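*Asks:* Build the full structure now, drawing on both the sequences and the hints.
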Amino acid sequence: MSLGDIIDKTSSAWMRADAPSADVVLSSRVRLARNLAGVLFPHQASEADLAKVAEQVQKAIRSVRGLADLVMIRLSETPALARQILVEKHLISPQHAQGAAGRLVAIRPDETVSVMVNEEDHLRIQTLLPGLQLEDALELASQVDDMFESKLDYAFDEKLGYITACPTNVGTGLRASVMVHLPALAATGQAGRVLTAVSNVGIAVRGLYGEGSEATGNVFQLSNQVTLGRSEEELVDNLAGVTKQVISQERGVREKLVRERRDQLEDKVNRAYGLLSHARLITSEEALGLLSDVRLGVDAGLLPGVDARDLNELMVITQPAYLQRIMGKDLGPQERDVRRAALIREKIRARKEGR
Amino acid sequence: MLCDECGKRPANVRLTKIVNGVKSESHLCEQCAREKGELELFSEPNFSFPNLLAGLLQHEPGFAGAPVAFPGGATSRCRTCGLDFSGFRKTGFLGCPDCYDEFRPRLEPLLRRIHGSTRHTGKVPGRTGAATDTRREIESLRVELSRLVAKERYEEAAKVRDKIRALEKNLADQA
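Chains A and B, in that order, give the protein sequences.
Going by my numbering, the first residue of the first sequence is number 1, and it counts up by one from there.
Going by my numbering, the first residue of the second sequence is number 1, and it counts up by one from there.
If you are wondering where the hints come from, they were derived from the structure by calculation, not from laboratory data.
You may find that some hints are simply not true.
The list that follows gives simulated cross-link-like pairs (lysine-lysine, DSS-like), each with its CA atoms no further than 27 Å apart [as the list claims (entries may be wrong)]:
(1) A:Lys-159 - B:Lys-163
(2) B:Lys-169 - A:Lys-159
(3) A:Lys-329 - B:Lys-163
(4) A:Lys-256 - A:Lys-244
(5) B:Lys-90 - A:Lys-159
(6) A:Lys-151 - B:Lys-90
Remember, it's a predicted structure, so these values are computed and weren't measured experimentally.
*Replies:* Next comes the structure, spelled out in structure tokens:
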């Protein structure tokens, strides 16, 4: 398995549609921030320091059996387009994709584990699972963490816990997050109310691609705000509890829409499906919006014959960089819109014909 | 629709600007938007946690102003990485793990504001944190010891005392 294999693979483990609560929760993610004792944080470190950190991490990966399947990718030697694809697949952050010297990412071939090296912290261990599986994501991250810790000296303070470059992450170094699809709450103008309530209990709300991005396609990211003073399990339980409440609110409104506004809802989701099936020019923003409507139709049982897994895949492959990868060349915005529309039509036709 | 600027290429960037409460909308092509510097807004996320944190610190009366000397007379520079506390104030990032020791008295109030706590209660690393586990255990054994002494159960107390001594010896050997 190589970088090329990873970026060519259009489906990832997190896209599975049969996961727990997958009708609302697209994926669960856990990230642990770790740093090496006595080494300057990446933003202050010299290139030589960064190279040393990268070397130590690579050595750990080679010598610990459970880490040996991680694929190492040096971002400074990776073309910009491939880096952008790793972002679109949620394997690295947009900051990490800038690809300065000494930056690495190590990815498990099924894409459930990715370890960013020399991002904001020396190590950022991430796990990504489909649906609502925060406890499992934490356990997996913690296992990978233990394996690295058996070879690396972490910066750990008895009182403050795991030391991080930014004090907002100190303590557990844990950021747990879920991506939730809330079309019914959004359509009835209730998403704002629910998300404000959520932010009052220590949960941060963001758009699809994390910090600084807007919610496209009614997909929101919920994550814990605080990292110090509570255990990893408490933080994850709190997020899972809040997410379950958001799920039941969203499901409640969906049921109500199906019961009381069935005609409008069927019209909306079928129109979206029609547009995706026939449009000849489509922007990524429009595609995400329509995919959101179609997904609502699928989850509400109004669009038999459409597979939610295809929708997850389309969410990723209709993003600009991915599309250019598939087409094998740089594309201008208009050309991208043409290709994107063609790709979506092809996917829908393939499913209809049972391919 | 054609670009408002060049009038030749198709517009694919819709720009909404609100300046002093006046909203204006323009339609540009990607190239003109880039030339006018309008796309830079999107290429770099300006609103991030560290920036927000740095902003908080700028407006904190206790933190503002020229570098202040430490109560102990030390300067406000980290001895390991050389970071000045004002550097942290600007970026929201510390320079190295040792900064937490160097700036601890100033960081604690901030940590309390961010997290509502200054004490880690979660995971302890297995290998590098072995000493932490030992110290946590010694602490709880000491509590146990004074409880036994108070109840005049000296035989059991002696056993606990020996356990504490053994653990302390372990710690010393590790160091």
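*Asks:* Lys-256 (chain A) and Lys-244 (chain A): Cα distance at most 27 Å?
*Replies:* holds, 18 Å
*Asks:* Quickly compare the C-alpha distance for Lys-159 (chain A) and Lys-163 (chain B) to 27 Å and report which way the hint goes.
*Replies:* Roughly 24 Å separates the two Cα atoms, so the pair holds.
*Asks:* Check whether the Cα positions of Lys-90 (chain B) and Lys-159 (chain A) lie no farther apart than 27 Å.
*Replies:* holds, 26 Å
*Asks:* Compare the distance between the alpha carbons of Lys-329 (chain A) and Lys-163 (chain B) with 27 Å, and conclude whether the hinted pair is satisfied.
*Replies:* Between Lys-329 (chain A) and Lys-163 (chain B) the Cα gap is close to 69 Å, so the pair fails against 27 Å, i.e. violated.
*Asks:* Would you check the hint for Lys-151 (chain A) and Lys-90 (chain B), treating anything up to 27 Å between C-alpha atoms as holding?
*Replies:* violated, 34 Å
*Asks:* Against the 27 Å threshold, does the CA-CA distance of Lys-169 (chain B) and Lys-159 (chain A) hold or violate the hint?
*Replies:* Given pair Lys-169 (chain B), Lys-159 (chain A) holds - Cα atoms ~22 Å apart, limit 27 Å.
The structure does not agree with the numbered hints 3, 6 stated previously, though it agrees with the rest.
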